Amino acid sequence: MESYTTYDYDVLVIGAGGAGLRAAIAAIEKGARVGVVTKSLLGKAHTVMAEGGMAAAMGNVRSEDNWKVHFRDTLKGGGMLNNWKMVENYTKEAPDRVRELERWGAVFDRTPDGKINQRNFGGHSYPRLAHVGDRTGLELIRTLQDHAVKMGINAHMETTIYRLLTEGGAVVGALGFNRQTGEFLVFRAKAVVLATGGLGRIYQITSNSWECTGDGFSLASMVGADLIDMEFIQFHPTGMVWPPSVMGILVTEGVRGEGGVLKNSEGKRFMFDNVPERYKGEFAETEEEAERWLQGDRNARRPPELLTRDVVARAIRKEVNEGRGSPHGGAYLDIASRRPADYIKKKLPSMYHQFMKLGNLDITKEPMEVGPTCHYVMGGIRVDPDTQATNVPGLYAAGEVAGGLHGANRLGGNSLSDLVVFGRRAGMAAAEYAAKQTGSYQVDEAQVRAYIAEALQPFNNPQGENPFALMKELRATMQKNAGIMREENELKTQLEILANLKKRAWNTSVSGGRAYNPGWHTALDMRLMVEISEAVVLAALARKESRGGHARLDYPDPDPTFAKLNHIIRRSSDGTLHVVAEPLPEMPEDRRKIAEAKDLKELSDKVGA
Amino acid sequence: MSTVTFKVFRGDRNGGELKDYAVEVQEGMVVLDAIHQIQAEQAPDLACRWNCKAGKCGSCGAEVNGKPTLMCMTRLDTIDTSKPVTVRPMKTFPVIRDLATDVKWNYEANKKIKPFTPAPGTDWIMFQEDVDRVQEFRKCIECFLCQNVCHVLREHDEKTGFIGPRLLVRTASLEMHPLDIENRLDMLKNEGGIGYCNITKCCTEVCPEHIHITDNAIIPLKERVVDEYYDPVLGFFRRLFGSKKRAEPSGQAADD
Ligand SMILES: Cc1cc2nc3c(=O)[nH]c(=O)nc-3n(C[C@H](O)[C@H](O)[C@H](O)COP(=O)(O)OP(=O)(O)OC[C@H]3O[C@@H](n4cnc5c(N)ncnc54)[C@H](O)[C@@H]3O)c2cc1C
Ligand code: SF4
Ligand code: SF4
Ligand code: FES
Chain A
1 MESYTTYDYD VLVIGAGGAG LRAAIAAIEK GARVGVVTKS LLGKAHTVMA
51 EGGMAAAMGN VRSEDNWKVH FRDTLKGGGM LNNWKMVENY TKEAPDRVRE
101 LERWGAVFDR TPDGKINQRN FGGHSYPRLA HVGDRTGLEL IRTLQDHAVK
151 MGINAHMETT IYRLLTEGGA VVGALGFNRQ TGEFLVFRAK AVVLATGGLG
201 RIYQITSNSW ECTGDGFSLA SMVGADLIDM EFIQFHPTGM VWPPSVMGIL
251 VTEGVRGEGG VLKNSEGKRF MFDNVPERYK GEFAETEEEA ERWLQGDRNA
301 RRPPELLTRD VVARAIRKEV NEGRGSPHGG AYLDIASRRP ADYIKKKLPS
351 MYHQFMKLGN LDITKEPMEV GPTCHYVMGG IRVDPDTQAT NVPGLYAAGE
401 VAGGLHGANR LGGNSLSDLV VFGRRAGMAA AEYAAKQTGS YQVDEAQVRA
451 YIAEALQPFN NPQGENPFAL MKELRATMQK NAGIMREENE LKTQLEILAN
501 LKKRAWNTSV SGGRAYNPGW HTALDMRLMV EISEAVVLAA LARKESRGGH
551 ARLDYPDPDP TFAKLNHIIR RSSDGTLHVV AEPLPEMPED RRKIAEAKDL
601 KELSDKVGA
Chain B
1 MSTVTFKVFR GDRNGGELKD YAVEVQEGMV VLDAIHQIQA EQAPDLACRW
51 NCKAGKCGSC GAEVNGKPTL MCMTRLDTID TSKPVTVRPM KTFPVIRDLA
101 TDVKWNYEAN KKIKPFTPAP GTDWIMFQED VDRVQEFRKC IECFLCQNVC
151 HVLREHDEKT GFIGPRLLVR TASLEMHPLD IENRLDMLKN EGGIGYCNIT
201 KCCTEVCPEH IHITDNAIIP LKERVVDEYY DPVLGFFRRL FGSKKRAEPS
251 GQAADD
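These protein sequence lines map, in sequence, to chains A and B.
Residue 1 is where the first sequence starts when you use the numbering used here, and the numbers rise one by one after that.
Residue 1 is where the second sequence starts when you use the numbering used here, and the numbers rise one by one after that.
It should be emphasised that the hints constitute simulated quantities derived from the structure, not laboratory data.
Given the structure is predicted, the values throughout are model-derived calculations rather than measurements.
Misleading hints may appear alongside valid ones.
[What the hints assert, rightly or not] Okay, derived cross-link-like pairs now, SDA-like style, lysine to any residue, Cα gap no bigger than 20 Å in a straight line:
| hint | chain 1 | residue 1 | chain 2 | residue 2 |
| --- | --- | --- | --- | --- |
| 1 | A | Lys357 | B | Glu27 |
| 2 | A | Lys357 | B | Thr81 |
| 3 | B | Lys112 | A | Glu287 |
| 4 | B | Lys139 | A | His353 |
| 5 | A | Lys357 | B | Glu191 |
| 6 | A | Lys150 | B | Met187 |
| 7 | B | Lys19 | A | Gly513 |
| 8 | B | Lys104 | A | Gly152 |
| 9 | A | Lys150 | B | Glu191 |
| 10 | B | Lys67 | B | Arg88 |
| 11 | A | Lys601 | A | His353 |
| 12 | A | Lys150 | B | Glu27 |
| 13 | B | Lys83 | B | Glu17 |
| 14 | A | Lys318 | A | Glu266 |
| 15 | B | Lys112 | A | Gly152 |
| 16 | A | Lys150 | B | Asp45 |
| 17 | A | Lys544 | A | Asp559 |
| 18 | A | Lys268 | A | Phe283 |
| 19 | A | Lys472 | B | Asp45 |
| 20 | A | Lys115 | B | Glu205 |
| 21 | A | Lys345 | B | Lys19 |
| 22 | B | Lys83 | B | His156 |
| 23 | B | Lys114 | A | Pro560 |
| 24 | A | Lys150 | B | Lys104 |
| 25 | B | Lys139 | A | Asp342 |
| 26 | A | Lys472 | B | Ile38 |
| 27 | A | Lys346 | B | Trp105 |
| 28 | A | Lys268 | A | Glu287 |
| 29 | B | Lys104 | A | Glu287 |
| 30 | A | Lys150 | B | Trp105 |
| 31 | B | Lys201 | B | His156 |
| 32 | B | Lys114 | A | Arg298 |
| 33 | A | Lys150 | B | Lys83 |
| 34 | A | Lys357 | B | Arg133 |
[As the list claims (entries may be wrong)] Computed footprint of chain A on chain B; a stretch qualifies when at least three of its residues, placed anywhere within it, have a C-beta under 8 Å from a C-beta of chain A:
| hint | stretch |
| --- | --- |
| 35 | 5-13 |
| 36 | 47-53 |
| 37 | 57-70 |
| 38 | 88-94 |
| 39 | 138-145 |
| 40 | 156-167 |
Don't be surprised by glycine CBs; every beta carbon is placed ideally from N, CA and C.
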């Protein structure tokens, strides 16, 4: 019989990106014994790729900024579908979490008076993103990694969790395997924090790392956790579109934040014609006004390139569809004619490097060609806004895998600070829960055996399919039928395709040994990817309107009925997924006033702080 | 489109061999794309690491035609593809399988470095010109290519007495942080083994982040060690007045 090694922890954190590391630190501070599991090496999680910055209303550059403006911007960007209480917790706490990073050794860019500098990003009313050039994610993860090492974390690197283990309806641990050796590991834990990140790799064109196969959503849903609003997938407007092998790699919004402009093949700045009703009056109306804004005129309004991502992505798509796209099916993003070469190299060094190396293009001299790329998922595991607890006892979730904070569309920079605010809350709550579990560690041996046999099945299935080919099929069909523009027929077709892929995902064949075998890893990833793809498509079918990251060709406008509904994706006892519409949590009157403020000056007083 | 032959190392800790794979190449392809294509179509168990495909995570280091590099940043049109392209794992670290090496040692050696220790009562005001220097070191993506080429580790396998260029860079990022007050000179001299470095600059040459590892990190650290241990007068003053340029503590409560 297959042997395995067992580890006992109070809190098991699955994922070592920003959310997982911050949760681990918080749980250790509470005295818990903590284990951290990550598919990659420490410090390599997807978070390392984040570029532009982390949003926090610190008011270092514009003193008028405060949590209320950030609260309003976030809800407005999210089409008011956000969980308001989460947004409040988040916007109030983010500045402290940024300062904490500095105290742990992070070295942010500075303002002339020596404070943490903040830059502009889409949807943010003021310069709000603490940043380090365009490698903010690296700074964040390295700081958390160093601090976690200082606190003595136990990291299980290159280890994949294949299933959560349950006992009497509560999560009591997880089964995984060491990728380097293929050895199985059983983690017995009193509480588990899922911090597994996003699902971008279910799409063909994505900015996401290989790890973002949506494992956490599926693992949670399989043990009965609710998912929320999975239809809201963010397509970042600016991915690289050329050459083909780099398609999807991100071009940071920092480029637009620093003054970059979008043009079509006719040389026209098209964003002026794409300002949606809800943002009318908040953006510059002429190139001249936008230019004054860039020069620092506080009376000028922001250029429309800084509209929210959903708006910009769709505007680019429209230019391409109407025949005004760039040669490789995107639009031009030009910073070269806007800022001096030295400035660009200083503020956007890795973009400069990336285009030079991969695209043979000097961004200080020429415009970039960009187009939408799957970037982020707003939906996720449904959590309590204060503790990040799921509806399954013992299970917590934080970071991109948790839903609720971002509503229908996430503002740039709102993820990195989300990770540290809610990573910390999840870690604390999990440690507190664990401390109350006085019984001995229990896992069901039969459950473990069954999962191990299941995981090894592709090795004993010589007639099965190539997992890489299957993965390619999944990604191509999701891109085509459930991508940036959706419609009923295609979504229904995709459901049929997924039903078929789901069967085939259990009939793959892998060769070679168990040590570091990517074919095997892909075969197992596929099983989780088909589950979460189905949740996305079901939720997208149910939302018969366009809002934020979800655009329906057959229902092109927002619909007031749907404006008040979250979609809960739940698994029946027979394993099938279904969608339930639920009214949004009611926002108290004083908070609604903040969210709906027309004039930012109304929010500049100290009331409600 | 043309067909290029790749000779890829296949094997493990106990040895292995180069195997030939023919790959159809397209415009703009990098070495990592070729490896992925081999994985998807010819050898599904070919092991390699990657995360970002954009030179940001430092996972995909390997030796391409003998040159240590990030596979994701090495375009095929920058190398001679009329001849077979060899791809081998980094030599300094034990092979796990194929192109994936066991880099655990780096994480262990890292623990010798004392963590960031801010001055008590600091006001956290720092100016860009003061942080420029450490920001250069903080660009490190931990690809370990510098560790891989440093002859002290590569040829002499001196992994007990020397922490290698990456970790010297990390030490520099802490020692030169304007608000850090820890002293790591003793570590550098002893367990860190900075004396082993004879400034050949091989590390600097391979650094994909263009960190001036030798000139900006190692040489200044060597000077500090020399001042501290071999120049008693300077060492005395350093101990008296602190060895670092530091922002004046404001006297106000630090944590708000
Ligand atoms: C190119 C790019 C640029 C970005 N720039 C910004 C920005 O400027 N500002 C901003 O706010 N946001 C940005 N984002 C978004 C942000 O980076 C992510 O949303 C965020 O990093 C997610 O962090 P996380 O901690 O939730 O998960 P991740 O960092 O994705 O970490 C997930 C962890 O879970 C592990 N894991 C997953 N599945 C399993 C499993 N089955 N078993 C074990 N471990 C598992 C992974 O190995 C990894 O360690 C950017 C994203 C990209 C792609
Ligand atoms: S300069 Fe020093 S650290 Fe760098 S490769 Fe040479 S000996 Fe090694
Ligand atoms: S210093 Fe440069 S070469 Fe060395 S690990 Fe860091 S990025 Fe890589
Ligand atoms: S894959 Fe991240 S550096 Fe190459």
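Here is what the structure says about each hint:
{"no.": "1", "hint": "A/Lys357 - B/Glu27", "result": "holds (14 Å)"}
{"no.": "2", "hint": "A/Lys357 - B/Thr81", "result": "holds (18 Å)"}
{"no.": "3", "hint": "B/Lys112 - A/Glu287", "result": "violated (55 Å)"}
{"no.": "4", "hint": "B/Lys139 - A/His353", "result": "holds (13 Å)"}
{"no.": "5", "hint": "A/Lys357 - B/Glu191", "result": "violated (38 Å)"}
{"no.": "6", "hint": "A/Lys150 - B/Met187", "result": "holds (17 Å)"}
{"no.": "7", "hint": "B/Lys19 - A/Gly513", "result": "holds (17 Å)"}
{"no.": "8", "hint": "B/Lys104 - A/Gly152", "result": "holds (16 Å)"}
{"no.": "9", "hint": "A/Lys150 - B/Glu191", "result": "holds (18 Å)"}
{"no.": "10", "hint": "B/Lys67 - B/Arg88", "result": "holds (9 Å)"}
{"no.": "11", "hint": "A/Lys601 - A/His353", "result": "violated (41 Å)"}
{"no.": "12", "hint": "A/Lys150 - B/Glu27", "result": "violated (46 Å)"}
{"no.": "13", "hint": "B/Lys83 - B/Glu17", "result": "holds (18 Å)"}
{"no.": "14", "hint": "A/Lys318 - A/Glu266", "result": "holds (14 Å)"}
{"no.": "15", "hint": "B/Lys112 - A/Gly152", "result": "holds (13 Å)"}
{"no.": "16", "hint": "A/Lys150 - B/Asp45", "result": "violated (36 Å)"}
{"no.": "17", "hint": "A/Lys544 - A/Asp559", "result": "holds (8 Å)"}
{"no.": "18", "hint": "A/Lys268 - A/Phe283", "result": "holds (17 Å)"}
{"no.": "19", "hint": "A/Lys472 - B/Asp45", "result": "holds (17 Å)"}
{"no.": "20", "hint": "A/Lys115 - B/Glu205", "result": "violated (34 Å)"}
{"no.": "21", "hint": "A/Lys345 - B/Lys19", "result": "violated (41 Å)"}
{"no.": "22", "hint": "B/Lys83 - B/His156", "result": "violated (32 Å)"}
{"no.": "23", "hint": "B/Lys114 - A/Pro560", "result": "violated (57 Å)"}
{"no.": "24", "hint": "A/Lys150 - B/Lys104", "result": "holds (17 Å)"}
{"no.": "25", "hint": "B/Lys139 - A/Asp342", "result": "holds (18 Å)"}
{"no.": "26", "hint": "A/Lys472 - B/Ile38", "result": "holds (14 Å)"}
{"no.": "27", "hint": "A/Lys346 - B/Trp105", "result": "violated (34 Å)"}
{"no.": "28", "hint": "A/Lys268 - A/Glu287", "result": "holds (11 Å)"}
{"no.": "29", "hint": "B/Lys104 - A/Glu287", "result": "violated (54 Å)"}
{"no.": "30", "hint": "A/Lys150 - B/Trp105", "result": "holds (17 Å)"}
{"no.": "31", "hint": "B/Lys201 - B/His156", "result": "holds (17 Å)"}
{"no.": "32", "hint": "B/Lys114 - A/Arg298", "result": "violated (45 Å)"}
{"no.": "33", "hint": "A/Lys150 - B/Lys83", "result": "violated (48 Å)"}
{"no.": "34", "hint": "A/Lys357 - B/Arg133", "result": "violated (25 Å)"}
{"no.": "35", "hint": "5-13", "result": "violated (count 1)"}
{"no.": "36", "hint": "47-53", "result": "holds (count 7)"}
{"no.": "37", "hint": "57-70", "result": "holds (count 3)"}
{"no.": "38", "hint": "88-94", "result": "violated (count 0)"}
{"no.": "39", "hint": "138-145", "result": "holds (count 4)"}
{"no.": "40", "hint": "156-167", "result": "violated (count 0)"}
In summary, the numbered hints that this structure violates are 3, 5, 11, 12, 16, 20, 21, 22, 23, 27, 29, 32, 33, 34, 35, 38, 40.
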